[in-house]
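Starting from two chains that each stand alone, build the complex the way the hints lay out.
Protein chains in written order, with my numbering: chain S, 1 to 99; chain G, 1 to 159.
To be clear, the hints were calculated from the coordinates, so they are not data collected in a lab. Take the hints with a grain of salt, since some may be wrong.
[Said to hold, decoys possible] SDA-like cross-link-like pairs, simulated, lysine to any residue; straight-line CA separation at most 25 Å:
1) S:K75 <-> G:A44
2) S:K75 <-> G:K74
3) G:K74 <-> S:T41
4) G:K124 <-> G:I40
[As the list claims (entries may be wrong)] Here are some of the chain G residues that sit facing chain S, going by a computed Cβ distance under 8 Å:
5) Y65
6) A82
7) W84
8) P102
9) A110
10) L137
From the three backbone atoms N, C-alpha and C, an ideal C-beta is built for every residue, glycine too.
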Amino acid sequence: MYASSCGAIIAILYATIVTIWMEYSPGLKAWLVSVAGHHWTAKSLFTMGFYIVIFIVVYELKPNPSDQQIRGALKKLIAIAILGAIILTLFFTEHYMVV
Amino acid sequence: MIDFLTAKPVLIGLHLGFAILGIDAFLWLLGEFSADIANIKRRAWAAVIGCVGFIMTWIVGGYYYVKFYGPLVKPTILKGMAPWAHAIAMEAKEHIFLFVVPLALTGIFAALLDQETIQRLGLKRPLLWLVGTVAGLGLFIGALGFIISAAARWGVLQP
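Looking at chain G on its own, in the form it has when it is part of the complex (with noise of 0.2 Å):
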């Protein structure tokens, strides 16, 4: 079972997969604050479901990159035709990830509010912001991946 988990493009998928239920969870949790929802449990499930998807793509994410990214795939990267791929865009998204476990724990307790306190502070748009930066910092990143991906292709292609 460890063998097929730590396999690398089942690592991949599942360090995808966590990102994507992440950014879906959050981008649910932007609907509940936008449409003024007042039901506190929903909220607390969308902000805890996006978090935990985020901590284990972190968590899975980390192991590929550690122990298979920098030792296969980075190589391919740098001789291949997009070696800025690595030197761009994996530099930042490894770093800008960091950015993101914080602030969707945030978002659990902002989920926490009750719509009166919500009123009360003003908060509403700075919480549609926070969950929306969320979800955004995580697309980015998403596309990040995605060129990265593209270019190790690439890097394989080449002569």
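Next comes chain S alone, as it looks inside the complex (with noise of 0.2 Å):
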């Protein structure tokens, strides 16, 4: 579990970055289009890449953490979730009412 955690953290942290960094970045857009012909098919395609390729990392490096590790982890992985969806759905309403 202590993996997938850390996965999960990876994952939600890029789709967080990578999406406010999109709507400035209209490069980067045009670039995710590119890879999948839709950005948000690029951006969920990266964003699963990125949990499984941090769950095999650690789970090699580290196939058994401490107690305290496992629920660091956890509670982080909890935190970044909730704290990433008010980011985002705050962004999107302020960038509705600025531009």
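Spelled out as structure tokens, the structure:
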């Protein structure tokens, strides 16, 4: 579960950061479109890609994490998921108000 | 058969149905963890059913979003009385959804932990939060979907 928590943390951070970054970078959006035909499809694939790669790497490098590490990673994952959802909702609200 | 499954109302129905399956299964898992029921097999079923539901709603909803929403629904909403439904609700929905499957997959690993390990690691409360967050995000995304559908209907009724 530790490896999955780490993979999910990185995947959620990626999804949040690239979503906000893309709104200010037409070049990034065009690149994502060129990868998969639609920016959202590319973001979906990369999000799962980050989850799987980080999961495998952490599982290989740290097969026996401590109790504290397992608990800490799970708590960080929950906090990042809730904060990420709040940040994206507020970002698009602010973006709509300003633009 | 493919023509039927890729028809717009059927896609919407499947998208919603699989999402409800995912949310309900994680609410079931929440009850299992909350009641300290040491039945790993039942917890695993709940987590796997929920995860499959979320993956299926991702695939079906993603196909609908890329193929139909952009060219057909988005312009209707933008010219209607609630263009913010796309700019805020849809943008937030499509991106927050990306969080759900990695969280739900972690829920499967959590469901496989035995009761002794959960107690030794002091994981009961964090696990309740994890599973509750998956179900809560699913419900929030569902509410955003309702706003988007309502805005599209009102957009169509605009003269």
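Quick rundown of the hints versus the structure:
no.: 1; hint: S:K75 <-> G:A44; verdict: 21 Å, holds
no.: 2; hint: S:K75 <-> G:K74; verdict: 37 Å, violated
no.: 3; hint: G:K74 <-> S:T41; verdict: 17 Å, holds
no.: 4; hint: G:K124 <-> G:I40; verdict: 14 Å, holds
no.: 5; hint: Y65; verdict: 7 Å, holds
no.: 6; hint: A82; verdict: 11 Å, violated
no.: 7; hint: W84; verdict: 5 Å, holds
no.: 8; hint: P102; verdict: 4 Å, holds
no.: 9; hint: A110; verdict: 6 Å, holds
no.: 10; hint: L137; verdict: 6 Å, holds
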